[in-house]
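Residue numbers (our numbering), protein chains in the order written: chain A, 1 to 351; chain B, 1 to 351; chain C, 1 to 351.
Keep in mind the hints are simulated off the structure, nothing from the lab.
Do not take every clue at face value.
Identical chains blur together in the list; that is why a pair holds if it fits in one copy or across any two.
[What the hints assert, rightly or not] Below 30 Å or equal to it, Euclidean Cα-Cα: the simulated DSSO-like pairs (lysine-lysine) are:
no., residue 1, residue 2
1, Lys197, Lys20
2, Lys300, Lys197
3, Lys315, Lys331
4, Lys79, Lys331
5, Lys331, Lys300
6, Lys315, Lys300
7, Lys48, Lys32
8, Lys48, Lys18
All values derive from a computational prediction rather than experimental measurement.
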Amino acid sequence: MESRGISLGELAVRFGCKLKGDPDARVNHVAKLEAATPDAVSFLANPKYRAYLATTRAGVVVLDEASATDCSVPVLVTKAPYLVYARIASVLHPPPNLPPGVHVSAVVDAAAEVHPTAHIAANVVIGAGCRIAARVVIGPGCVLGMNVIIAQDTRLMANVTLCDGTVLGERCIINPNAVIGSEGFGFAPDQVGGWVKVPQVGSVRIGNDVEIGACTTIDRGAIGDTVIDDGVKLDNQIQIAHNVHIGAHTAMAACVGISGSTVIGRHCMIAGQVGIAGHLNICDNVVITGKSMVSASINKPGVYSGSLHAEEAGKFRRNAARFARLDDLAKEVRQLRGKHQSDPAENTKID
Amino acid sequence: MESRGISLGELAVRFGCKLKGDPDARVNHVAKLEAATPDAVSFLANPKYRAYLATTRAGVVVLDEASATDCSVPVLVTKAPYLVYARIASVLHPPPNLPPGVHVSAVVDAAAEVHPTAHIAANVVIGAGCRIAARVVIGPGCVLGMNVIIAQDTRLMANVTLCDGTVLGERCIINPNAVIGSEGFGFAPDQVGGWVKVPQVGSVRIGNDVEIGACTTIDRGAIGDTVIDDGVKLDNQIQIAHNVHIGAHTAMAACVGISGSTVIGRHCMIAGQVGIAGHLNICDNVVITGKSMVSASINKPGVYSGSLHAEEAGKFRRNAARFARLDDLAKEVRQLRGKHQSDPAENTKID
Amino acid sequence: MESRGISLGELAVRFGCKLKGDPDARVNHVAKLEAATPDAVSFLANPKYRAYLATTRAGVVVLDEASATDCSVPVLVTKAPYLVYARIASVLHPPPNLPPGVHVSAVVDAAAEVHPTAHIAANVVIGAGCRIAARVVIGPGCVLGMNVIIAQDTRLMANVTLCDGTVLGERCIINPNAVIGSEGFGFAPDQVGGWVKVPQVGSVRIGNDVEIGACTTIDRGAIGDTVIDDGVKLDNQIQIAHNVHIGAHTAMAACVGISGSTVIGRHCMIAGQVGIAGHLNICDNVVITGKSMVSASINKPGVYSGSLHAEEAGKFRRNAARFARLDDLAKEVRQLRGKHQSDPAENTKID
Numbered sequence: 001m002e003s004r005g006i007s008l009g010e011l012a013v014r015f016g017c018k019l020k021g022d023p024d025a026r027v028n029h030v031a032k033l034e035a036a037t038p039d040a041v042s043f044l045a046n047p048k049y050r051a052y053l054a055t056t057r058a059g060v061v062v063l064d065e066a067s068a069t070d071c072s073v074p075v076l077v078t079k080a081p082y083l084v085y086a087r088i089a090s091v092l093h094p095p096p097n098l099p100p101g102v103h104v105s106a107v108v109d110a111a112a113e114v115h116p117t118a119h120i121a122a123n124v125v126i127g128a129g130c131r132i133a134a135r136v137v138i139g140p141g142c143v144l145g146m147n148v149i150i151a152q153d154t155r156l157m158a159n160v161t162l163c164d165g166t167v168l169g170e171r172c173i174i175n176p177n178a179v180i181g182s183e184g185f186g187f188a189p190d191q192v193g194g195w196v197k198v199p200q201v202g203s204v205r206i207g208n209d210v211e212i213g214a215c216t217t218i219d220r221g222a223i224g225d226t227v228i229d230d231g232v233k234l235d236n237q238i239q240i241a242h243n244v245h246i247g248a249h250t251a252m253a254a255c256v257g258i259s260g261s262t263v264i265g266r267h268c269m270i271a272g273q274v275g276i277a278g279h280l281n282i283c284d285n286v287v288i289t290g291k292s293m294v295s296a297s298i299n300k301p302g303v304y305s306g307s308l309h310a311e312e313a314g315k316f317r318r319n320a321a322r323f324a325r326l327d328d329l330a331k332e333v334r335q336l337r338g339k340h341q342s343d344p345a346e347n348t349k350i351d
Numbered sequence: 001m002e003s004r005g006i007s008l009g010e011l012a013v014r015f016g017c018k019l020k021g022d023p024d025a026r027v028n029h030v031a032k033l034e035a036a037t038p039d040a041v042s043f044l045a046n047p048k049y050r051a052y053l054a055t056t057r058a059g060v061v062v063l064d065e066a067s068a069t070d071c072s073v074p075v076l077v078t079k080a081p082y083l084v085y086a087r088i089a090s091v092l093h094p095p096p097n098l099p100p101g102v103h104v105s106a107v108v109d110a111a112a113e114v115h116p117t118a119h120i121a122a123n124v125v126i127g128a129g130c131r132i133a134a135r136v137v138i139g140p141g142c143v144l145g146m147n148v149i150i151a152q153d154t155r156l157m158a159n160v161t162l163c164d165g166t167v168l169g170e171r172c173i174i175n176p177n178a179v180i181g182s183e184g185f186g187f188a189p190d191q192v193g194g195w196v197k198v199p200q201v202g203s204v205r206i207g208n209d210v211e212i213g214a215c216t217t218i219d220r221g222a223i224g225d226t227v228i229d230d231g232v233k234l235d236n237q238i239q240i241a242h243n244v245h246i247g248a249h250t251a252m253a254a255c256v257g258i259s260g261s262t263v264i265g266r267h268c269m270i271a272g273q274v275g276i277a278g279h280l281n282i283c284d285n286v287v288i289t290g291k292s293m294v295s296a297s298i299n300k301p302g303v304y305s306g307s308l309h310a311e312e313a314g315k316f317r318r319n320a321a322r323f324a325r326l327d328d329l330a331k332e333v334r335q336l337r338g339k340h341q342s343d344p345a346e347n348t349k350i351d
Numbered sequence: 001m002e003s004r005g006i007s008l009g010e011l012a013v014r015f016g017c018k019l020k021g022d023p024d025a026r027v028n029h030v031a032k033l034e035a036a037t038p039d040a041v042s043f044l045a046n047p048k049y050r051a052y053l054a055t056t057r058a059g060v061v062v063l064d065e066a067s068a069t070d071c072s073v074p075v076l077v078t079k080a081p082y083l084v085y086a087r088i089a090s091v092l093h094p095p096p097n098l099p100p101g102v103h104v105s106a107v108v109d110a111a112a113e114v115h116p117t118a119h120i121a122a123n124v125v126i127g128a129g130c131r132i133a134a135r136v137v138i139g140p141g142c143v144l145g146m147n148v149i150i151a152q153d154t155r156l157m158a159n160v161t162l163c164d165g166t167v168l169g170e171r172c173i174i175n176p177n178a179v180i181g182s183e184g185f186g187f188a189p190d191q192v193g194g195w196v197k198v199p200q201v202g203s204v205r206i207g208n209d210v211e212i213g214a215c216t217t218i219d220r221g222a223i224g225d226t227v228i229d230d231g232v233k234l235d236n237q238i239q240i241a242h243n244v245h246i247g248a249h250t251a252m253a254a255c256v257g258i259s260g261s262t263v264i265g266r267h268c269m270i271a272g273q274v275g276i277a278g279h280l281n282i283c284d285n286v287v288i289t290g291k292s293m294v295s296a297s298i299n300k301p302g303v304y305s306g307s308l309h310a311e312e313a314g315k316f317r318r319n320a321a322r323f324a325r326l327d328d329l330a331k332e333v334r335q336l337r338g339k340h341q342s343d344p345a346e347n348t349k350i351d
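The following block holds chain A by itself, in its conformation from the complex (with noise of 0.2 Å):
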C-alpha cells in the first residue's frame, strides 16, 4: 500500500474529512508543506505555516475550514488536523515490519519463554524468568535481567536496559539506551559520616500505550513499585525516581527530574528541564511551564510556572517581568527615599 500509496477518497472516509479535489489521485507518504511533492500529504497546525498554503505542491493538506480558502491545492477539511495528520501518517509510515525470530548473535536463557511471532535482534541478552510476549520487538544490544515481562506489540529500540523484574504493558516504545528498573537512589547516613546502602527491593510497572525516551531512566522501587501508567509520554532524558506513580496520559518533555515517591496525577503536561521535588502530589490536568521547580504539591488544576518554585502562571510571568526592571526598580526606591541615606547595593560591584 505504501507505494501505490492510498486516494484521497479512501483518506476522507476513514478520517471524516471533508475532501475539496479528486477523490481518486493518490499519496504514498507525508511532507512538510514546503517540501511537499504531489504524492505527498502536508498539513497546517501552526498558524505560523500558513504562508505556505499558497504555493505548496503537496497532493492534499489537512487543514481546518478557516485556512481552507488560502489553500492552491486540494484539502483535506477537519476540526483537528494535527490529529487527523497524525492518524493519516501512521497508515503511510507504519512501523517497519521485522520478522520473528531470535537472532543466532542473542544470549536468552533457557529458563525464560520468547512468543514464536517476536523478533529478538543481534546481541540481545535476555535473563531467566522473562517472558517476551507476541510480536514484541527487541532491538540489537538489549539487556533483559530476570523476570522481565512484556506484554504483546512492545518495541524496544537499540541498547536498552531492563532491569530485573520490569513489567513492560502492550504496544509501549522504548527508545535507544534508556533504562528501566536501576537502582534508586537510597542511603542512611551512618553515624560517622558516610552512607549505608539501602536495598532497593522494588520493581517498575509500566501501563499500555506508553512511550519513553532515549536515554530516560527510571529507578525501581525502593520498597512498593515505581508504577507509569496506560498512555504516558516521557521524552529523552528523563529521570524518574523511586517509587514515582506518574497518573495515565501525563505527557513529560526532556530533562525533566521526578524526584522519589511524588505522585503525578492524570493528563498533566511537564515541560522541558522541570524538576519536581520528592514526596509531592501534583494533581490531575496539571501543566508546568519549562524549567521551572516545583517544591510544594498542587492540589488545583491550572498552568504553573516558576524557576524559584512554581506558581500559578499569570503571577509568575508579570513578576518575571518586573525582574526584568529590577534594577529600576530598586534605584527608584533609593531615590524615593532620599540621597541621605546609602544604597547598599552601590557598594558593591555588580557588573
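Chain A is already provided as a structure; the job is to place chains B and C on it using the hints.
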C-alpha cells in the same frame, strides 16, 4: 536464610535494638507499613507515615522510642531507624549470587587478566591490559576499553562503558548505561571561528564504595585525572566534567552538572538539577538545594540556594518569597512615587 | 615518534613559536605545569596558574610573551598558547591506531558496505543499507540501524546507537552511549484526553568535524531532518529535539536542552543546563550563559542570561544582584509607605 528468614531476637542483638515482641518470630523480607505481611520487616523514619502504625500487619517495625507506643505489632526500637532498616534489608535482600566465569559470548582480550571468581556476563567486551579482581561482576553488554582496572567486589550493571585507563575501587556499583572516562569537552578557538580539539590525555580514578547512577557520565581528565573519592554516591543522569575532584562521602541527586576542574569537598550534599560552574572550590559539608546555580566558590559550610546564583539558603528563601510578590511591590513603589511619572512596566504587555 | 618524541626546534618551526631554550631537547607527552617532567610539554593559558611557572620542571612551556619572563624552563612563545598547546598535544597524543577489519563477533548485514580500512569492533551490529567509509572506527557494542551513512575518519566510541537513516560526516567523534536518530517526541491530542503518535519520518544529518558527547541524544526529524552543521561541538547529556538546526562551529556545554524546530546560528556558545524553547531563531554569534532559559528568539549577537527568561547579560547581572537584596528592598518600601498599611508579606511565614 532468606526463605526461613531471621528471628526478631537475632535482629535485636545484631543491630543493637530493644525488641518488644516474640524473639522467636521470624521475618524474611522488607515491605512498606501499609503492604507488609507478618513475615515482613517494616520501618518508620518519616513522621508522614505514622498513621500506618495503627493498622500495619508487619511482623516487626523498626522505629524510634517516641513512635513505639503507637504501634500495634512488635517493634525494634533504635535511635536510627532508617539506618537499622537499611542494614536489616541488606541482610534479607543480598545482591544476587552470580556464578564465577566468563560467558561464552564475552570477548575478552588475551592480554586482559580476569580473576577466576569474577562473573563476566554475556556480550561483554574487555580490552587489552584490563585487570578484573576477585568477585567482580560485569553485567551484560558492558564495554571496557584498554587498561581498565577494577578492584574486588565491584559490580557493573548492564551496558556500562568504561573507557581506556579507568580505575575503579572496591565494592562500587555502576548502574546501567553509565559512561566513565569519555572524552572531556576541550577545544581551543582557532583564528577563524572554528575549534581545535584539545586531546584529553588524563583518566578517571574512582575510590571504594562509590555508587554511580544510570546514564551518569564522568569525563576523563584533559591533563591529569578526574577523581571521585571513597564513598561518593552519584544518582542518575549526572554529568561530571574533566578534572573535577569530588571529596569522600559527598552525595549528589539526579541531573546535576559539574563543570571542569571544580573541586568539591567531603560530606557535601548536592540536590537535583544543580549546576556548578568550572574552576570553583566548594568546601566540606556544603549542602546545595535543588536546581541551584553555583557560580562562585563556597568557603564556609552551610546550606546554599538560588537559581540565579547560589547564596545562603535562608536569605534566598526570603528573597524568593518577595519575588513571588514582586509585581505587587512594583505597584506600591509606583503609588509612592505618585501618578505624575509614567511606569515603564505599564507600557509593555506582560500577560 | 611518541617514544623518542619531538625536538623543541621542530615544535617552534611547525607551530610558528619563538623558542627560548635548546632546540635539540626533546619532549614526548603533555603534562600539567605542577606535574610535568623534563620530557613533557606544558602550557599556561589561564593566569590563575601563573605561580607554577617558577617551579615547573617541564621540558618546555607554551605561553605568551607577557608570561615568558616568569618561567624558569624553556618556553615556546606564541600569541595563542592554548591553541598551540592543542596542536602539539594532538601530535604527541594521536588517537589509537586500530587495525582495519571486522571483529568476528560483529553482526554486519549482508546488504551493508564496510570499507576494508574501517575498524569494526566486537559486538557491533550494522543493519542493511549502511555505508561505512575509509578508516571509520565503530567501537564495541555500537548499533547502527538501517541505511546509516558514515563518512571517512569518523570514530564512534562504545555502545553508541545510530538509528535508521542517520548520516554522519567526516572526522566526527561520537562518545559512548550517545543516541542519534531516536524518535522525536510528537503526539497529537485526541478528543478524549489521550495522545496519538505522530510518526517521525525524518532523519538526522550531521556535518564534518562534529563531536558529540556521552549520553547526548539527537532526535530524528518529525518531517524533514534534524541538521547539525560542520564543526559543531556538543558536550555530554545534551538533548536536541526533532527538526532542530544547529549552525556551523556552535558549541554547547553539557545538559543543554533544545526544543523542537528551533534554529541556532553559527559560532554560538551555549553554556551548561541552558534550555531553549521550540520554534525559535537564535542568530549567529550568540553566547548564552549557564542555566539560562531562552523563551524568545534572539536576533542580535551578544551575551544573554537569565533563568526566568534570557535577557541581555549585563542587565541580568544587575537585576540578579538586586534580587539578592530583594527582601531588604521590600522592607524599605514598607518603611517608606509607613506603618499604617499592613504588609501582606508579613502575614506569611517565609522562613
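For each hint, the structure was consulted:
In this assembly of identical chains, the alpha carbons of Lys197 and Lys20 lie at most 30 Å apart only when taken from different copies (26 Å versus 66 Å within one copy). Taking the shortest alpha-carbon separations for Lys300 and Lys197, only the inter-copy value of 28 Å comes in at or below 30 Å, while the best intra-copy value is 37 Å. In this homomeric assembly, Lys315 and Lys331 come within 30 Å of each other (Cα to Cα) both inside a single copy, at 23 Å, and across copies, at 13 Å. Neither within a single protomer nor between protomers do Lys79 and Lys331 lie at most 30 Å apart by alpha-carbon distance, with minima of 52 Å and 43 Å respectively.
For a Cα distance limit of 30 Å, the shortest separation of Lys331 from Lys300 across copies, 28 Å, qualifies, whereas the shortest one inside one copy, 38 Å, does not. Taking identical chains as interchangeable, the C-alpha atoms of Lys315 and Lys300 lie at most 30 Å apart whether they share a chain (15 Å) or sit on different chains (29 Å). Proximity of Lys48 to Lys32 under the C-alpha cut-off of 30 Å is restricted to the intra-copy arrangement: shortest distance 13 Å within a copy versus 52 Å between copies. In this assembly of identical chains, Lys48 and Lys18 lie within 30 Å of each other by CA distance solely inside one copy; the values are 23 Å within and 57 Å between copies.
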